[in-house]
Structure formats: C-alpha cells, structure tokens
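Sequences and hints are given; from them, build the entire structure.
There are 2 protein chains.
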Amino acid sequence: MLIIGERLNGMFKSVAKAIKEKDSKVIHDLAVKQVEGGAHMLDVNVGPASADAVAAMEWLVKTIQEAVDVPLSIDSTKPEVFEAGLKLCKAKPLINSTTAEKEKLDILMPMAAKYDASIIGLTMDKKGIPSTGEGRTELALNIIAAAMENGISTDRVYIDPLILPVNVAQDQCSKVLETIRECKILSDPPPHLLLGLSNVSQKTLNRELINRTYLVMAIAMGLDAAICDSLDKELVDSVITAELLLNKDIYCDSYLDAYRKKAVAVR
Amino acid sequence: MLIIGERLNGMFKSVAKAIKEKDSKVIHDLAVKQVEGGAHMLDVNVGPASADAVAAMEWLVKTIQEAVDVPLSIDSTKPEVFEAGLKLCKAKPLINSTTAEKEKLDILMPMAAKYDASIIGLTMDKKGIPSTGEGRTELALNIIAAAMENGISTDRVYIDPLILPVNVAQDQCSKVLETIRECKILSDPPPHLLLGLSNVSQKTLNRELINRTYLVMAIAMGLDAAICDSLDKELVDSVITAELLLNKDIYCDSYLDAYRKKAVAVR
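Keeping their order, the protein sequence lines are chains A and B.
Under my numbering, the first residue of the first sequence carries the number 181, and numbering increases by one thereafter.
Under my numbering, the first residue of the second sequence carries the number 181, and numbering increases by one thereafter.
Bear in mind the hints are in silico, worked out from the structure with no lab data behind them.
The C-beta atom is built at its ideal place from N, Cα and C for all residues, glycine as well.
A few of these clues could be false.
When the alpha-carbon atoms are kept at most 25 angstroms apart in a straight line, the in silico PhoX-like pairs for lysine-lysine are as follows [as the list claims (entries may be wrong)]: (1) A/Lys383 / B/Lys413; (2) A/Lys428 / B/Lys383; (3) A/Lys205 / A/Lys282; (4) B/Lys270 / A/Lys364; (5) A/Lys413 / B/Lys413; (6) B/Lys270 / B/Lys383; (7) A/Lys413 / B/Lys442; (8) A/Lys441 / B/Lys383.
Far from chain A, by Cβ distances over 10 angstroms, these chain B residues were calculated [to be verified]: (9) Leu182; (10) His208; (11) Ile287; (12) Lys306; (13) Asn330; (14) Cys353; (15) Leu366; (16) Ser378; (17) Asn386; (18) Met397; (19) Ala398; (20) Lys441.
Rough simulated footprint, nothing fancy, chain B against chain A, three-plus residues with beta-carbon under 8 angstroms [said to hold, decoys possible]: (21) 219-225; (22) 327-337; (23) 377-386; (24) 393-402; (25) 414-427.
The structure is reproduced here in structure tokens:
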C-alpha cells in the first residue's frame, strides 16, 4: 500500500507561509516527519495563493529533495506547473492528476510518457463525477485506454474514484468501494486504485475515526494507494494492520515498528 | 450489524467464579455494561469448568434476563445444555453453534425449529476447517440446505467462516474475507455472515487494533454479525462508523452517541 503524504500543500497556512518566505526548515521538517510517519511518497502542491506557481513548485521540489529521497507526487492543475516540478524530480514521479476529459488526457499522458512518470486519473469529466459505480468505472476505462495509447503501462495508472464527504453524499461511499473492486479487473496488469482520503471526512466531527475506518474498508476492496496524513499515527497503524491481515507483510509481534523502520530506511 | 457481547463466558475467570458462587450482581453488571457498550445480543457460555452445565446454564440465562431484555445466544457443544438455555429464553434466541457435520445438523436444526431460534453454522466438519475459501463455502451450503430441510428460513442462519489467529494462520484471514463475500449469494434470502472476532488476535500484542481492523474489513465484505467485546469502545466506534459509511445509518455529527442511545433504549 502506497502512502502518499498530503501535508506539503499550500492549502495549509504554515506551508503557504513557508513557500512565500522560502523557509526551507519548515519544508524539510514536514518532509522528514511524514516519511518517518510512514509515507512512501510525498504530494507537492504549491496551493492556490502562490503568485508565481512555477517558481514556487521549483523551489518546493528542490527543497523537499534536500531532506528526503522518496519519490514525489506533483499536484497541480496547470501543465506549466507540472513541467516545473517533473523536470526536477530525482526519483520517478507521479502526476496528480488528470481527469477523463480528452483535452486533459491529450496533454498529461504524453507528459507522463516524457518524464517516465506514473499518473493519477480522476473518474470525472466535463459533466462532473458520475453518481454510479458503473459511470465511474467507464471513465476509468477511458483513462486506462489513453495511457495505453501513449505507451504507458497500465500499472503506472492510479485510478482515483473520488470519494465525497460522508456528510453530504453518504450514499457515494459504498459506490466508491464497489468501483475500487471493479476497476481492479479493467486491465492486465491492473491499474492501481487510489483515494484522496481526507475528503471523506470533510467538516465532520470524528475526522480521524472516519478516515481510518474508510481507508481500511477500501483496502479490503483492493485499494493500494492513498493520499493521506501520514502524521496520523492511528491511521498508519490501521493501514499496516490491514496489510498484515491481507498477508502482504509477514507477522511478527513488533510488526508496527518493523514497518516504520523500513520506511525510515529509505528516507 | 448485530453485535453479540462475548463476555458472559465461563472461560473468563470472573464469570466462572460468579457462576460457581451464584453471584447475580457480577452477571447483572456484565450484562448491562455490554448492552450499554453497544451489544444487541449476549452470548451465554457456562465454560468448561461447570460441574453441572445444565443447572449452570439455567441459572445464567435466568440471571441475565433479570437485568436486560436483549436476546441471548446460547453457546455450548452439548444438546442438553442448549435445551436448558433455549427453553428459558424470553426473546427469540440464537443457537451457537452447529458444524456442517450431519450428526450435529440432525440434532441442532430440529432444535432451532422447535424453539424458533436462529442458528450459527461453523464451516467445519469432521475433517476440520477447509484451508480454502471454496471449501468453506461448500460447507456453508450444506448448512443452509439443512436449514431449508427443517423449514428454517435461510436468513435465520448465521454462517461463521471461522477466522484463525493471524499469528499462526496469516494466509487464512483474506480467505475468510472472500468466503464472507461468496456466502452472501448462496441463498435468497441470503444467510447472515458472522465472526467470532477475538480469535483473529489470539496471543498477539496489538489485540484491539487487530480486532477492529479485521472487523472493519469484514464489514466491507458483507459481514453483518460478530461475537466480540462490546466493552471495547474503539471497536464499537469502528463498527458504527463502518455502517455509517455503508449508508446503513443516517449521518449526523453526533452519530456515535445516537447509536448508543438507541442500544440502551432496548436494554
């Protein structure tokens, strides 16, 4: 299970401030702590407030790589910001993200091929997010087809079926679980399935409980990647335990510690 | 999701002592606390040490029913002990349990019909527990067929695919998850799927974490009943949250409290 740390995002005030003031220490600390918490990859988003998003992405990617060696997920909506981040990545990056719209796929799939990057595909198009599992799966298939047309192996594609907040779209949570299961058989090799987890608990009172419960359910259905808060120890403990129960890691009494030691070794 | 409290079991020293000394207060307290914790039903087992198991079961069932009104799960291996408990139950009881062996089914299915009881069917026979999901599902089918022959509706059957401890049979955890999913389509109406949860974590260091993680995964796969420790608040919180995420209860900010208030109302 690929844990992608969500905290290096300009939507967090402390990160926006650090980007503005070029405060490397704040970024280094957040990068190291997320990896120590269990993240295998870090999401990098300069946030909506950056005046010069290209320069901000360049600085952020360079600064993170001064502190950690894990691969980065370059998170943006603008092609020039993606390019700015991708060209500086030392390890094979992840593009976060394309939708299933042809205009987006036509730009971002060739970019993934150019930079030998993996890519996240959101199951939405101009009409928005389909309300059914079938609708989401259909869009996932379009994304996978576009990857193949660009010579990108289907196991470099991360399908994100777009979980919505449980307090506004409660019926969608189980539909996303079904989509995860269905998408696993769309291609050979199968695509990865990913969630931007924290969205499920937006504006709820029990955010951490809802996050970890949903993540464990999704792992049971075949989820193998999540953008989430690797500083949330209980969340990461739940992921490690779920993987253990799926026989993906060998049981030992100290399996939680063993997992984290492995993560830190690649820092 | 039916939560069956596991604590009124003579395997616990305090319960064995209370049975021996006919200490009603200990039993009343444990019954009330389990229901307050979220149990909808209580498992009743006099334990291996009771000299007169029939008398012990009679006393235990009477004593529990002085304190709570929830239905009881009569837990034994002996027909005469089942009879002793079943005949005293005020609410429709659950027989815990039969195996898929013909000799057992021939005794316990007619008993379920006689007492209008539901029944737990363990997916094992004289050869033991099958090591594959298919093997377990085949035995589940035998149990369901025996219920139908005895005029018991298939939704009165609780199939238990027998989870084994993760530290000795790690590969079995995912097979049991698959069995849960497969058994749901064996009959119409489908059988219930149940786990004796605590077995998964026997002799591990992180018992509560392993219990709640596995239970949430099993709920995602279709589990709808568990014999477990309803005094474990984090476990019950996880169950309530998993059900919320499956849209089985309506979201409100105080959904945890709301659930528990409902449970106590039936005490």
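Tested hints:
A hinted pair counts as satisfied when its Cα atoms are at most 25 angstroms apart, and lysine 383 of chain A with lysine 413 of chain B qualifies at roughly 23 angstroms. Distance restraint check for lysine 428 of chain A and lysine 383 of chain B: the Cα-Cα separation of roughly 20 angstroms lies within the 25 angstroms cut-off, and the hinted pair is therefore satisfied. A hinted pair counts as satisfied when its Cα atoms are at most 25 angstroms apart, and lysine 205 of chain A with lysine 282 of chain A does not qualify at roughly 40 angstroms. Restraint check for lysine 270 of chain B and lysine 364 of chain A: not satisfied, since their Cα atoms lie roughly 48 angstroms apart, outside the 25 angstroms limit.
This hinted pair checks out: lysine 413 of chain A and lysine 413 of chain B have alpha carbons roughly 19 angstroms apart, not beyond 25 angstroms. A C-alpha spacing of about 36 angstroms is found between lysine 270 of chain B and lysine 383 of chain B, which places the hinted pair above 25 angstroms, so the restraint is violated. A C-alpha spacing of about 31 angstroms is found between lysine 413 of chain A and lysine 442 of chain B, which places the hinted pair above 25 angstroms, so the restraint is violated. Between lysine 441 of chain A and lysine 383 of chain B the alpha-carbon distance is near 23 angstroms, which keeps this suggested pair within the 25 angstroms criterion.
Residue-level check passed: leucine 182 of chain B sits 18 angstroms from the nearest beta carbon of chain A, beyond 10 angstroms. Distance to chain A confirms histidine 208 of chain B as a non-interface residue, since its nearest Cβ pair spans about 31 angstroms, more than 10 angstroms. Every Cβ of chain A is farther than 10 angstroms from the Cβ of isoleucine 287 of chain B; the closest lies at roughly 35 angstroms, confirming the non-interface assignment. Residue placement check: lysine 306 of chain B keeps its beta carbon more than 10 angstroms from all beta carbons of chain A (closest about 28 angstroms).
Every C-beta of chain A lies more than 10 angstroms from that of asparagine 330 of chain B, the closest at about 34 angstroms, which supports listing it as non-interface. Non-interface status of cysteine 353 of chain B relative to chain A is broken: a Cβ of that chain comes within 10 angstroms, the nearest being about 5 angstroms off. At roughly 19 angstroms, the least C-beta separation between leucine 366 of chain B and chain A is larger than 10 angstroms, which holds for a residue marked as non-interface. For serine 378 of chain B, the shortest C-beta to C-beta distance to chain A comes to about 14 angstroms, beyond the 10 angstroms cut-off, and the non-interface label holds.
With a cut of 10 angstroms on Cβ distances, asparagine 386 of chain B falls inside the contact zone with chain A, its closest approach being about 7 angstroms. The claim that methionine 397 of chain B is not at the interface with chain A is violated, since a C-beta of that chain comes within 10 angstroms of its own (minimum 4 angstroms). The non-interface label for alanine 398 of chain B is inconsistent with chain A: the shortest C-beta to C-beta separation is roughly 8 angstroms, within 10 angstroms. Interface exclusion of lysine 441 of chain B from chain A stands, the closest Cβ pair being 16 angstroms apart, more than 10 angstroms.
By the rule of at least three residues with a Cβ nearer than 8 angstroms to a Cβ of chain B, the coverage given for the stretch 219-225 of chain A is violated, with 0 such residues. Beta-carbon proximity to chain B at under 8 angstroms applies to 0 residues in the stretch 327-337 of chain A; the threshold of 3 is not reached and the given coverage is violated. As drawn, the stretch 377-386 of chain A meets chain B at 4 residues by the rule of a beta-carbon pair under 8 angstroms; at three or more, the given contact holds. Proximity of the stretch 393-402 of chain A to chain B, defined as three or more residues with a beta carbon under 8 angstroms from a beta carbon of that chain, is established by the 8 residues found.
Counting residues of the stretch 414-427 of chain A whose CB lies closer than 8 angstroms to any CB of chain B gives 8, so the stated coverage by that chain holds, three being the minimum.
When each numbered hint is compared with the structure, violations occur for hints 3, 4, 6, 7, 14, 17, 18, 19, 21 and 22.
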